Every structure is written in C-alpha cells, then in structure tokens.
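Model the full structure from these sequences, guided by the hints.
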Amino acid sequence: MTDQQTDAGQLYQQVQALRTEIERAFIGQASVVDDIVLALLTAGHVLLEGVPGLGKTLLVKSMSKAIGGEFSRIQFTPDLMPSDVSGHAVYDPKSEKFRVRRGPVFTNLLLADEINRAPAKTQAALLEVMQENQVTIEGQSAHLKPPFMTVATQNPVEHEGTYPLPEAQLDRFLFKVLIDYPDHEAEKKIVSAVTAERVGDSLYVDDVKTVMSCDDVIAAQQLVARTRIDDVVLDYAVRIARQTRQASGIRMGAGPRGAISIVRASRACAVLQSRDFVTPDDVRKVAVPALRHRIALAPELEIEAYRPDDILRDILESVDAPRT
Amino acid sequence: MNLENVTIEMRPRSEWEATDLGARMIRRDAKAIYAVWFTVTLPFLALALLLNFLTPYGALAMLLYWWFEPVADGAILRIISRRLFGEDADVTATLKAVPRLCWMNRIYLLSPYRLHFARSVAMPVTQLEGLKGPARRTRSKVLNLRIFNYGVGITAVYAHLVMALYLGVILIGYSFIPEIYRSTLGDSWLELFWMTSSTSATAIGLLSFYIAQSALQPWYVGAGFGLYINCRTQLEAWDVEVAFRRIVQRRAGVAAAIVLAMFILPQFLSPAMALAQEPDTEIAAEAADPDPGFVGFWSDDEVKPALKSVRSSEALQTTQRIEDWQRIRSDETKEKQDANSSGWIRNMLNAVFKLVSTALEFALWIIVAILLIMMFLTRDRWLPYLGLPGYGPPAERRIFLAGGELTADELPDDIVDAVLGAWRAGHKREALSLLYQGSVFAAVREHGVRLPRSATEGACVRAVSAQTDTERANFFRRVVSVWIGCAYGDQEPDDDAVLPLCDEWREHFGATQ
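Protein chains in written order, with our numbering: chain V, 7 to 330; chain L, 113 to 625.
For the record, the hints were derived by calculation from the structure and aren't laboratory data.
These numbers were taken from a predicted model, which means no experiment stands behind them.
Just to be clear, a hint being listed does not mean it is correct.
Here are the simulated distance ranges between beta carbons [as the list claims (entries may be wrong)]:
1) V:His149 - L:Ser287: 38 to 48 Å
2) L:Ser287 - V:Ala304: 19 to 29 Å
3) L:Thr490 - V:Ser254: 22 to 32 Å
4) L:His272 - V:Ser254: 38 to 48 Å
5) V:Leu176 - L:Leu176: 37 to 47 Å
6) V:Val163 - L:Leu176: 49 to 59 Å
7) V:His149 - L:Gln603: 49 to 59 Å
8) L:Glu604 - V:Gln228: 21 to 31 Å
9) L:Arg541 - V:Gln228: 26 to 36 Å
10) V:Glu173 - L:Arg557: 41 to 51 Å
11) V:Asp320 - L:Phe229: 33 to 43 Å
12) V:Arg251 - L:Glu604: 32 to 42 Å
Covered by chain V, according to a simulated footprint, are these stretches of chain L (three or more residues, beta-carbon under 8 Å) [claimed, not checked]:
13) 559 to 572
14) 598 to 605
Some residues of chain V that are not near chain L, with every Cβ distance over 12 Å (derived) [to be verified]:
15) Thr26
16) Asp90
17) Arg251
18) Ala276
19) Asp315
20) Pro328
Ideal Cβ positions, reconstructed from N, Cα and C, are used throughout, including at glycine.
Written as structure tokens, this is what we have:
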C-alpha cells in the first residue's frame, strides 16, 4: 500500500468523523449535513434556504469547531455597507497613518445571515470575495486564508424589503440547500439536547470535537480534486446540465458552471463514501442541489406552484444513465 | 297505470329538466334503490373478484361484470316507474322480479345492444311497455326522434363522470401509499393499475370502478327514465289527460264525458298510443310487464259505449258556420315565381346536404373498417390482456438499463459460463459487465423487480433491496460493487472477488437457466 493510499484512507476516515461530529450538534438533518460537508470538500459556497430557527448558525459553528477553524457571522441588513463585510482603512492619529481594519470575511467559515436583506452593492462585495478568495481594501489585495467557505442564508417566506440575488450571483454558489423542519423524533432530540442542564437558549457546540485541522481540510480538498471521473460519467453530468436548457417548463437553464459544479461536487460525494472514483449515482445525488438555483421556471409552472426540484427530478428521470 | 295517482306534476318539460326530474325520483327512493343495487350487483362483483383471483382471466372477469351490469338497471327502473304512479315498489318484490326483468331485458344483456349509446332511454321501451321485435323498433323510432340525442348526451356525461370518479378513487388510494413503497409498485400509478397483469391491481381497479359506478349508475337510469316519461307526456298529452280527469272527477255528467271522449278518441287513433298500450288487460300486462300500469288503461268494452254515446250526443250533431276574411293577393304570379325559385334552392341544398351526409357516413364506415383492421393486425398485443384461452400471458416487461434496452438476445444462455469464459480469457471488463447485466435481467425477469427507465447502478441496488429478499440483495450489491469499481474506477478485481460471485450466482438468479 502506498503512502498516498494510506493518506487517502486517513482522510476518508476524517471526513466520516467530520460528518458524525456535525450531526452530533445539528440533529436530524443528515442530508443537509452531507451537502454542507460536500461543499466544504469541494471548496464551494452554499446558499442555505429555510425558515428561521432551524439551526443554521449552529450548523456552521459546529462545522467550524469540527475543523478547528475560525467562524464569523454577518447579519445582512439594508444599511450594511460593503466595507462592513470586507473591511476598511481607518486613520490612526497616533501613528498618523491609515490602518487597515479587516472585515469579518477574514475567516474560515463565514455565515452570511439573510443575505438578501442587504442591497446589491453589499451583496456584490461578498460575492466577489467568494469568487476571488481575496479582498481589496484601499487598493491593497489580501488573500483569504484557506479553507474559506461562505454559508449564506435566506428566508423563503419573508420577501418584503429584500433584494433577491440576481441569477449571475446565484451561480457562484456551489449548492443551494433547502433546510426543512426536522421530524418528530429529531425535534424531540433537539429539544432534549438544548434544554438539558442548559441556561438560556444560546447555541452549544461543546460536544463537538475537533476531528480535522484546516490543513486536513485542504488536503481533503486536494484529494477530491484528484478523484477519478470516467469520461462517460463526466458526459452524464454535462447531459444533465444541458437538458435543463431543453426541458419544457424551464425559462432559463443552467450554464456550463452548472455542469462544473455537478462534477466537482460528485467527486466530493465519492470521497464522502470513501471511494476514489465517481459513479453516476454520485452525479445524480448532487445534481439537484447543484442546479436548483441555476434554473428559472417558466411563469406558468411557477403559477402552478411547481418547484425547480420537481422539474430537475423529471430531468434526472429522462436523461439516460451512462452505459459502459 | 293510473294517471290520477301519478306522484309528480305532469307537464311538458325541457329535456334537461326531464333528466333532472329523473334524478329527483332517484333521490326520493334512494334507500330502496341502493338496497336493490347492492343486493343485485354485489354477487356479480364477488364472482368477478373470485374469477380474477382463481383464474388467469382477470381482465375477462372485469369485462363480464361490466357486461351484466344492466341487470341492476332493470330493478332500479322498476322501482322508480312504479313509484311514479303511486304503486308499491318494495325491495323484496323487486328482487323477486329480477329474473323476469333479466329475461325482458335480455336484448341488453346478450346482444350488442349492450353497447347502445342511449340505453337509459331505450330500456324503458323494452321493460315498461313490454315491446319486442319490430314493435319495439317502431316504438323506439318514434321516441328516438325526440330524445335519442339527449340519451346519448346522458351516456357521454355518465361515462366521463364514472371515469373521473374511478380515477379519483384510484388516485386517493394511491396517495395513501407511502412514497418509499411506491417505487416498488411501479413507475407510476398508471402503470400500476392499467399496464400490469397483477391480480391485486385488477381487483383494486374493479373495486374502484364499482365504487364509482355505484355512486352514479342509479342517476344514469333515472335521467333516462325522466327523458322517457317527458317524451310520452308530450306525445300523448298526459298532462292534458290528467287535467281532464280532474274535471271528470269534479263534474260527473254528460258534458264532461263528451270532453273526455273527445280527448280519448284521437289518442286511440294515434299509432304511438297503440304501441304504448299493446296488452289489453292488467292481467295480460302483468304477464308481460312488471309494470302493468304502463299499458292500456281502458278496455274496448268501456270505450265503445262511451264513443257511441258521444257520437249520438247533441253536441256532435250541431252544425256551425264559420265566416272568415281572406286576403286576395295581387301579386300571385310573383309569389309563384318566388316559390319556384325557393324550391330550386331548397332542392339544391337538399342535394348538397345529402351528398355531405353520404360522404360523412362513408368516411365513418372507412374509419370503422380501419379500426377493425388495426385491431386485427395488433391482436397479438391486446388479446393476451383479455386472458383468453389460447393466448399466453402479456409480453414480458421490457428492461431499460442505462438508456438502452436489455433483451434476452443480448445475453448468453448460460450467464455464468460466459462470464467465466470471458474472465479467464482476460476480458475482465466484459465479464463483469455481463455479470452485472445478467443479474439485472434475472432480477427483473425472475423476481419481478421493477426498475426506472434511467436506472443507474445505485437505483438497481435500491430496487433489488426493496423488492427481493436480503440475501439476494446483498449478493446483488456485491456484484454491483465489483462492477462499478471496474467500470468507473478502472479497478480490476482479482479472482477471489469474482469467482465466488460466479459460484453463488445460480443460487440467487439462475432459476430460468
């Protein structure tokens, strides 16, 4: 067995442990945890959509602790300025110089809470950071320390006074993850865990252990990048993305970045299952979260309360799996 | 039939008002009607279900149930017709009359008349008037001129409603099946209930149809009866007769008798009335018809003296001189010319319409012929679904794997031998591909596993796990695991991983080999 194989085996175990640790704090949402871990391994960003009170902050905090990384949270409001996100220069009277004050984006895991409450200019500042992994303040560029991941949230029910993210900016998120209410048993566990010998309702992540370091995460991301994908599987991912442009009921389909996201995420999906090659099932698993924010439904389907997931499932049924 | 005892208001109605009247009559006696309906139809349903489960002719059982359903229609018709004239129509008597009603309605049970487009308005002619043969056809012609189209309309509306309700019942039932089990039942509810030869699915379909039919069938019969009664009311002026009878009751005497006779006379001369009152006495009517009230209600012995007295009465002996003004037209010639020209146009239009109607009729017959030819040519596809003797079971489910159809021709007769041969020859990928495809094929053919059309390896594993036993599912999982490693990971397994799979293959999938 080579050293590389040994390292890979270790990383597989660490990734499994990471998932287990997050699930310890974030109870009853296994698929959401999977998607978030996939995004972390892919070095992608996630748009999390769900009503308030489902533990979005807890999710990011627990993941931050499990990888031993830094965590920041920005509450997006209509008066938030781009400099509040990225940082700004302030004049120091003592040294008579401008000193750069770094914004909350200088972290490993950033929670951008209710991103659609801030104006487009502020949103754009964050999205630029997400794309470039660097911040420019007063003409000076500063690279973010990897790993860097943004988890932006938005509320699906309150749209008054919001600034919906344009399609071009939505495209920068690897995944759009929908978070729903937990089932009865899971909710019982949550209530029990949060209230047992606890004062107040603040978020506790004490039980979460650090199972990876940031360096391990970077190594895992490199392992994901090396994961083998057969040409027929790659072709399958591309066919799915292209089908969104031809399927009836879709006003605007996914661009090439859709297929790129599927392939990147499917590699991570393989690693999450301790495999060093991608299968068509990996592609199918990640296709919906990778594409649901990249397509726009036709008005008649929106009126009939269809969701992008419905159409994407139909597309997955209609696109033939690869036959080798 | 005694019109004095009629329990509805006798008056000419519009056709749709008449169907509504029929529906109201059904509602009035719903309890007795549904008691009779369920008593008559449930044994047929039970028989059909029994045939479905005990014989391979499930579809035929369904057809037989549907074909003999008019037995219950006759019983419903008896109840509402008797109640219309204030006669007793209890459930027991009606049930006793069912065999006789079946015999009377045999034309709708044992002949293509079962497919009559306006059966609900045609059945009363047979059952209530006791007519058959040419008499029935002549009588039907008279009635059909007025109500056939509406009868067809009722049938169309009824058929659509039954179908909607039938699908609704199936969908409601299907919506209660947990989603995790749905994939094991079929790709869709349509496939589950219509495209399958499963006895359970046929039974569920039959029960759903029975529920839908039970809800609507009495209303269908009632609507047809309403039309029939309204047609007779208009043709035979029953409303006028009822009014005169009331006058007779109020004023017994010669004058009233004259008026009554004046009304009666033309009736006896009309062909329609003669057909409607074929049997003379109530005894004769009872023998031919369970509803004797509908046939003749005055015998010749009663009518002849009345007619004689009417003819000899003073009222008919008087002469009356009527003077009237008549316009003398000055342009008679021109009128004749107009008449001639309008006659020419009329003739031309008649010729055109006749041509069009002939062409349409010809086209319809061609369509019918084409349909029959198509049915004949495609008989091998649909006859097996009827479960008729001499025809094998329906074609086996087609297997689509990863976008292509997997047929028996593509696979060798002995999968294991072929796999081992390819493996030993060094064609490891081909060997594993064959092992995987053979396993999928056998899972579908031998164990009835249903796969979605775009099934990936993972989808196959899930389907086999959900639809077969644990050991077979575990074996299949091992096959898939080895296969995907080779297919997508470029990992060639060693002999220790593959040869045991070949050894065990026949334990799990070799039934057909």
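Evaluate the given range 38 to 48 Å for the C-beta pair formed by L:His272 and V:Ser254. violated (28 Å)
Could you see if the CB distance from V:Asp320 to L:Phe229 stays within 33 to 43 Å? holds (40 Å)
Can the region 598 to 605 of chain L be counted as covered by chain V under the rule of three residues or more with Cβ-Cβ separation shorter than 8 Å? The restraint on the region 598 to 605 of chain L holds, since 5 of its residues have a Cβ under 8 Å from chain V and three suffice.
Beyond 12 Å from every chain L Cβ: check whether that's true for V:Arg251. holds (18 Å)
Cβ separation of V:His149 and L:Gln603, checked against the hinted range 49 to 59 Å: 38 Å Cβ-Cβ, so the 49 to 59 Å window is violated.
May I ask you to test the hint 37 to 47 Å on the CB atoms belonging to V:Leu176 and L:Leu176? At roughly 60 Å between Cβ atoms, L:Leu176 and V:Leu176 fall outside 37 to 47 Å, so the hint is violated.
Against chain L, does V:Ala276 keep a CB gap of more than 12 Å to every residue? violated (9 Å)
Please check whether V:Val163 and L:Leu176 have a Cβ separation lying inside 49 to 59 Å. holds (55 Å)
Beta-carbon spacing of V:Glu173 to L:Arg557 - inside the hinted bounds 41 to 51 Å or not: Given range 41 to 51 Å: holds, Cβ gap about 47 Å.
Tell me if the beta carbons of L:Glu604 and V:Gln228 are separated by a distance inside 21 to 31 Å. Distance hint for L:Glu604, V:Gln228 holds at roughly 26 Å.
Given the hint of 22 to 32 Å, check if L:Thr490 and V:Ser254 actually sit that far apart at their C-beta atoms. For L:Thr490 and V:Ser254 the Cβ distance comes to about 30 Å; the hint holds.
Evaluate the given range 26 to 36 Å for the C-beta pair formed by L:Arg541 and V:Gln228. holds (29 Å)
When held up to the earlier numbered hints, the structure conflicts with 1, 4, 5, 7, 18, 20 and fits the remainder.
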